[in-house]
Amino acid sequence: MACLSAGAALAAPGASSPTTPAAAAAAAAPAVQQFTLKNGMQLIVQPDRRAPTAVHMVWVRVGSMDEVDGTSGVAHALEHMMFKGSRKLAPGEFSRRVAALGGQENAFTTRDYTGYYQQIPANRLEEVMRLESDRFANNQWPDEEFKKEIEVVKEERRMRTEDQPRSVLMEQLMASTFMVSPYHRPVVGWMTDLDAMTPADVRDFHKRWYVPANAAVVVAGDVDVAQVRAWAEKYYGSIPARALPERKPRTEPAQVGVRRIEVKQPAQQAFIAMAYRVPTLRAVENLQPTDKDALALLVLSAVLDGYDGARLERALVQGEGSPNGRVADSAGSSASVMGRGPSLFILSGVPAAGKAPADVEAGLRAQIRKIAAEGVQADELARVKTQWMASNVYERDSVMGQAQNLGSYWIQGMPLDAEDRLLAELRKITSDDIKAVAAKYFGDDQLTVGTLVPQPLPAGGKPQQPMSGKTDTGGAVH
Numbered sequence: 001m002a003c004l005s006a007g008a009a010l011a012a013p014g015a016s017s018p019t020t021p022a023a024a025a026a027a028a029a030p031a032v033q034q035f036t037l038k039n040g041m042q043l044i045v046q047p048d049r050r051a052p053t054a055v056h057m058v059w060v061r062v063g064s065m066d067e068v069d070g071t072s073g074v075a076h077a078l079e080h081m082m083f084k085g086s087r088k089l090a091p092g093e094f095s096r097r098v099a100a101l102g103g104q105e106n107a108f109t110t111r112d113y114t115g116y117y118q119q120i121p122a123n124r125l126e127e128v129m130r131l132e133s134d135r136f137a138n139n140q141w142p143d144e145e146f147k148k149e150i151e152v153v154k155e156e157r158r159m160r161t162e163d164q165p166r167s168v169l170m171e172q173l174m175a176s177t178f179m180v181s182p183y184h185r186p187v188v189g190w191m192t193d194l195d196a197m198t199p200a201d202v203r204d205f206h207k208r209w210y211v212p213a214n215a216a217v218v219v220a221g222d223v224d225v226a227q228v229r230a231w232a233e234k235y236y237g238s239i240p241a242r243a244l245p246e247r248k249p250r251t252e253p254a255q256v257g258v259r260r261i262e263v264k265q266p267a268q269q270a271f272i273a274m275a276y277r278v279p280t281l282r283a284v285e286n287l288q289p290t291d292k293d294a295l296a297l298l299v300l301s302a303v304l305d306g307y308d309g310a311r312l313e314r315a316l317v318q319g320e321g322s323p324n325g326r327v328a329d330s331a332g333s334s335a336s337v338m339g340r341g342p343s344l345f346i347l348s349g350v351p352a353a354g355k356a357p358a359d360v361e362a363g364l365r366a367q368i369r370k371i372a373a374e375g376v377q378a379d380e381l382a383r384v385k386t387q388w389m390a391s392n393v394y395e396r397d398s399v400m401g402q403a404q405n406l407g408s409y410w411i412q413g414m415p416l417d418a419e420d421r422l423l424a425e426l427r428k429i430t431s432d433d434i435k436a437v438a439a440k441y442f443g444d445d446q447l448t449v450g451t452l453v454p455q456p457l458p459a460g461g462k463p464q465q466p467m468s469g470k471t472d473t474g475g476a477v478h
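UniProt numbering applies: residue 1 is where the sequence shown begins, and numbers increase by one.
Relax, there's no trap hidden among the hints.
Derived BS3-like pairs (lysine-lysine); straight-line CA-CA distance at most 25 Å:
1) Lys38 / Lys234
2) Lys385 / Lys440
3) Lys435 / Lys370
4) Lys207 / Lys234
5) Lys355 / Lys264
6) Lys147 / Lys88
7) Lys428 / Lys292
8) Lys385 / Lys292
9) Lys355 / Lys370
10) Lys292 / Lys370
11) Lys370 / Lys428
12) Lys88 / Lys207
13) Lys207 / Lys154
14) Lys385 / Lys435
15) Lys207 / Lys147
16) Lys440 / Lys428
17) Lys385 / Lys428
The hints are simulated quantities; they were obtained by calculation from the structure and are not laboratory data. A quick note: this is a predicted structure, and the numbers were derived from the prediction, not measured.
Input sequences plus hints: build the corresponding full structure.
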């Protein structure tokens, strides 16, 4: 996702300030506008006249965190079934029609939301809006289609999780870190729940959460705002309004001591991931102390792992200035501080030959302690801020990037100019701010450690695919 929730992904080549032709064009483009349709659905339109193309997205504020125990994976299963027909279209017909229009389409599910998108020639936008609104309101398919598709979902789980040792570790780490928060369940679902899932489970989830007031249509590209609004009212606004279910708070209790897990998997290399509980960014106006801390943690992650030759690479992978020399083949950092649920700062690494996970853990801890004691250098801070600004320019050069950002911030309940506000706040982050969060949020009572313990590969088994030391805490694509 191309937004600030990407955490450590600050690095991007380019200019030091948004003065490229793309930035100038974006600055000259008509302002983004937001409307409420008559049934409560939101419409967000960002005109961009640079090319005759448009991106159309539907964002639904529902994800795996809205599931209940016993039906994990149902949000993602429904995303798959949205391609399997409506009252007007046969299974698979939606995708065939989008392709016939010259478009590309897909969908994605995360803990916080589900999204559907099409990128099409701008003059085909109305037809795509008609198609998408139909399946949003009238998703319909035979039970036999579900029985076939749930097997596809199971295979996706096998390929992306069960056959990937580090993915198994991360799944177990999330389950151990969160006791009450629904973030402890994997987005793709537990296999036993997928085995037990029924067509009725999926239909009930659609009926419960695919409500106009729980969704937003985002359109970016070569479009006329008034025309898009008229089409949205015609195709989406006509969907009957329904009450949105009440969401129960499921607040994670305070952690009262370090947690450690070991996961044994057939693998060639060990792996360690250290998950620290940190504050979530909740607002971009009138920031509270925890909001400011969340932003400082984003910058801390970038200092550690935001560019080639950042601190973790120099100290752990290259062994620069370390009395123990090189301890890791790779090391990473991520600060996932935006979401509807709790946030984590994750440090991770792959031990080098002759080194143990404990050596990597010690090296990661040492880097945090060093910043807590000394802060960061002015050139490091300037570099990550410059690269963040450049990255933002490149994102705005893409109509897909613009639509993704607008939808992501809508999910969080943030204003249309959230990106600009957050970038302005990030510019204010100082070395002292980073030093303070490094000292505050990395105690053992906030920590869960997961270690992958390699087991022999089965006879004839293939080695795992090479992976970096970075982590992915969840999300599924159709």
